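Using the hints, position chain A against chain G.
Going down the list, the sequences are from chains G and A.
Here the first sequence is numbered in numbering that gives the first Met the number 0, starting from 0 and rising by one per residue.
Here the second sequence is numbered in numbering that gives the first Met the number 0, starting from 0 and rising by one per residue.
No lab work stands behind these hints, which were simulated from the structure alone.
All values reported here derive from a predicted model rather than from experimental measurement.
Just so you know, even glycine gets a beta-carbon here, dropped at the ideal spot from N, CA and C.
One or more of the hints may lead you astray.
These stretches of chain G come out as covered by chain A in the derived footprint (C-beta under 8 Å, 3 or more residues) [said to hold, decoys possible]: (1) 126 to 139; (2) 158 to 165; (3) 190 to 203.
A few chain G residues that face chain A, going by a derived Cβ cut-off under 8 Å, partial list only [to be verified]: (4) 77; (5) 78; (6) 85; (7) 120; (8) 209.
2 protein chains.
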Amino acid sequence: MRIGELSRRTGVSVATIKYYVREGLLPAGQLTSPNQASYDESHVRRLRLIRAMIDVGGLSVAAVREVVAAVDDPDRPLHEMLGAAADYVVPRYEGVGDEPGDALVAARVTVAELIDRRGWHSHPGSPAAEALAVAVAALENVGHGDFPEAVLEAYADAAERVARVDVDYVAKNVAREELVASVVVGTVIGDAVFAALRRLAHIEASKQVFGLDR
Amino acid sequence: MRIGELSRRTGVSVATIKYYVREGLLPAGQLTSPNQASYDESHVRRLRLIRAMIDVGGLSVAAVREVVAAVDDPDRPLHEMLGAAADYVVPRYEGVGDEPGDALVAARVTVAELIDRRGWHSHPGSPAAEALAVAVAALENVGHGDFPEAVLEAYADAAERVARVDVDYVAKNVAREELVASVVVGTVIGDAVFAALRRLAHIEASKQVFGLDR
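Isolated chain G, as found in the complex (with noise of 0.2 Å):
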């Protein structure tokens, strides 16, 4: 197909697409004449993956450099395919108070006990123990520091739960371009999902303890 046809089947403009090849994120189209080129299904799932990336996922174009080329690479296992992907989208919280300080400190150690205990292989220093730590700095930062270690255990279980149904929906997907737009997606989306969920769910549990006012 040319140009325009791959423009309306993505909603991605022409521009954005020229753009995309020139700065390395999309393959080229096959010249068809000197100045006209053709684009085939692997160009729209390409771009289907960047746009979920760029406008979902919030990623920069560096980024988007960078997982494109991990999915380029037969050689790169798809697990460590995902993790690439997933660590550019962990969200960063901005924690109160801007030096890291004595609360950030304790919180590493926090999260570094809660992934040891649960026997996650994640190493304390990655990008979503690093965000952990910063939330439950922030915590203790506006003077919610004391909440007991039986709340974050209980926030671990719903995750892994989350967690496990997202992977087995994201499975699903075939091609490795399909998988990592998933990721991406179901990463972002998901959170906005739980925590809508979340608040719903706040309304039900606070109607039932603090229904008859004290």
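The following block gives chain A in isolation, referenced to the frame of chain G:
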């Protein structure tokens, strides 16, 4: 205590304290001389609540004013007061694709059915329900609208468990102000904690499912 000490104890600058008083968020101190006022523990608690709402919750001053009015109204039932605070910290997921369109209409039906199935009391037009519909519509708009109902149910199960833990933790607070502050902080930072845990759990689940490469 004088305003300087109130500032030191809460980490809020004197200028900002005066601004909150002018905006009606913080009651004025007791005048002890024509140009000196005295503050007490109620001001400390109120300032902590205001900072939690603004710094952590990202609430506007106008929204803080409404929540504070609910806190100060002794006739306002506790459950309703918490609901007022919670409605302001609903995550606004900027969906992919600008116009609402058919996906959002369909997603609202999906959400209403879910609320009905689970026997939740939330009305379908509530901010949390709408946030969920927007997230579900975003999934549809990026080609992942075919996720099975079981996925959403698994998320809802996990959200119910987490919400119950949250509310039990929050309920330990006795003062109305501390209760509201806990709800705001727990809702917002709880999202970040859960999102980070979900990513850590993804790594584990992914290792199990994709560890032996296809």
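Outcome of the hint check:
A stretch counts as covered by a chain when three or more of its residues have a beta carbon under 8 Å from one of that chain; for the segment 126 to 139 of chain G and chain A the count is 10, and the coverage holds. Counting residues of the segment 158 to 165 of chain G whose C-beta sits closer than 8 Å to any C-beta of chain A gives 8, which meets the bar of three, so the coverage hint holds. Note: the segment 190 to 203 of chain G has 14 residues with beta-carbon separation from chain A under 8 Å; the three-residue rule is met and the coverage holds. For the restraint placing residue 77 of chain G at the interface with chain A, the shortest Cβ-Cβ distance is roughly 5 Å, inside the 8 Å limit, so the hint holds.
Because the beta carbon of residue 78 of chain G sits about 4 Å from the nearest beta carbon in chain A, less than 8 Å, this interface hint is met. Evaluation of the residue 85 of chain G hint against chain A yields a held restraint, the C-beta minimum of about 6 Å falling below 8 Å. Interface hint status for residue 120 of chain G: upheld, as the beta-carbon distance to the closest one in chain A is roughly 6 Å, under 8 Å. Given the 8 Å rule on beta carbons, the hint for residue 209 of chain G holds: about 4 Å separates it from the nearest Cβ of chain A.
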